[in-house]
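There are 2 protein chains.
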Amino acid sequence: MQRYFVDKKCILNTSITLTNSDVYHMNNVMRMHTNDCVIISDNTQAYLAEITYIDNEKCTLFIKSLIEENKELHKKVTIAHGLVRKEKMEELIDYLSELGCTSYQSVIMEKSIVKITKDDFLKKLPRLEKISKEASEQSQRVTMMNVLPLITFNDLINSLNNFDCVCVCDTSNNDLKTINEIYLNDSFKNILFIIGPEAGFSKKELTEIYNHKVIGITLGSRILRTQVAPIYVMSVIGSLDK
Amino acid sequence: MQRYFVDKKCILNTSITLTNSDVYHMNNVMRMHTNDCVIISDNTQAYLAEITYIDNEKCTLFIKSLIEENKELHKKVTIAHGLVRKEKMEELIDYLSELGCTSYQSVIMEKSIVKITKDDFLKKLPRLEKISKEASEQSQRVTMMNVLPLITFNDLINSLNNFDCVCVCDTSNNDLKTINEIYLNDSFKNILFIIGPEAGFSKKELTEIYNHKVIGITLGSRILRTQVAPIYVMSVIGSLDK
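Residue numbers (the working numbering), protein chains in the order written: chain G, 209 to 450; chain S, 209 to 450.
Bound-form chain G, shown alone (with noise of 0.2 Å):
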């Protein structure tokens, strides 16, 4: 069935009142008419709701039951990426979506040759968050995967006392652990996956990370690319969580 994500405020008592571009999808590539069900989710509940009004400006649904089934992970994981270039960012977020993650960090490394503002990617962030939206929408999630604003390093480095369990993928290290020991472990349900760019991470930020006692993991012999490495993750932790 159809589901869409909407605003918590669209909806009052049973009552959701929809005016944004989901009401063009429904209206004109769906084709919904009067009684149709679909899912709307409020990015923290979905439920089953049956259409009761549709034009193209507006669409009333009646809310008929709570849905309980949660395809959410058991832990929140988010991605901390070193900055790639557009076209491989909207893949990433289509993919990361669909795979359940929680966060996607954009970050700016030394190393990353993509070049571009905090301001600019501000601009670019409610194509991206459309991107995470309809992925997230596609793979029946209840909650959409946040796109985060860009940022720096240093950042990042401040924002680690946030989680409980930040790894870094690293092939610099030989006393690296794998996602496995990381995600089944029960203490840790907040964890940060730090990926560096396309070239890597610089000697600098690798001894930074290590500094802040982050944990090095590896994702396994191959070298990975930095827009595979971040699908591989959220593949592995899929087939781990219960």
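Hints in this document: simulated from the structure, not taken from any laboratory. Please note: incorrect hints may appear among the correct ones.
The list cannot tell twin chains apart, which means a pair is met if one copy fits it or any two copies do.
Here are the simulated lysine to aspartate or glutamate pairs, EDC-like style, with alpha carbons at most 20 Å apart [unchecked claim]: (1) 450 <-> 389; (2) 279 <-> 383; (3) 279 <-> 295; (4) 279 <-> 449; (5) 385 <-> 449.
Based on these hints, arrange chain S on the given structure of chain G.
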């Protein structure tokens, strides 16, 4: 170190002679000189080799040593995939090569949206093989992923005996095994995963598949699109391979 796959015919005892497009890459892109070393793989074994002569058309090398390290998976894994459109297939071949996949097999299925004949696909094969070669070099593999010619669903069914385990990625069945259960079973050495096209398998195809005692497997609770599913399978396998 830069790595190149070469035809076995180019190697005579300890001497390698290249005259293909890699020579241009070595001479003009990498700007290599006499005495520079590269890794050469003949698709079964990798060698450390030193350049003894190089110009725009020809490069000769001397094999200094065998490279013992082998980053291949310990089992053969083939992905049989409902035909997807060209851009998605190219990207997938790139990702699956990096993730250690043995062979990628496109299959014409009932609900395949893309229409192409076997002959037209054959014309595209050299480009797909080039993508696989470059991704396999990049990820330091010893063996290139095979991109196989397009086959029909019936051809696929007739080939199932070539594998000692055949799985189908299914969402319609309640009695599904996990990738872990399959891959960690020591009696399976040569495994086929069948993944449907965008619109999924037809009922007839699924019946036919299950008639052949194929094992249904789950890819987790979220619905993955057809271009994400093979990457998920190979990522999980990468994390299990020991």
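Contradicted hints - numbers only
Failing hint: just 3.
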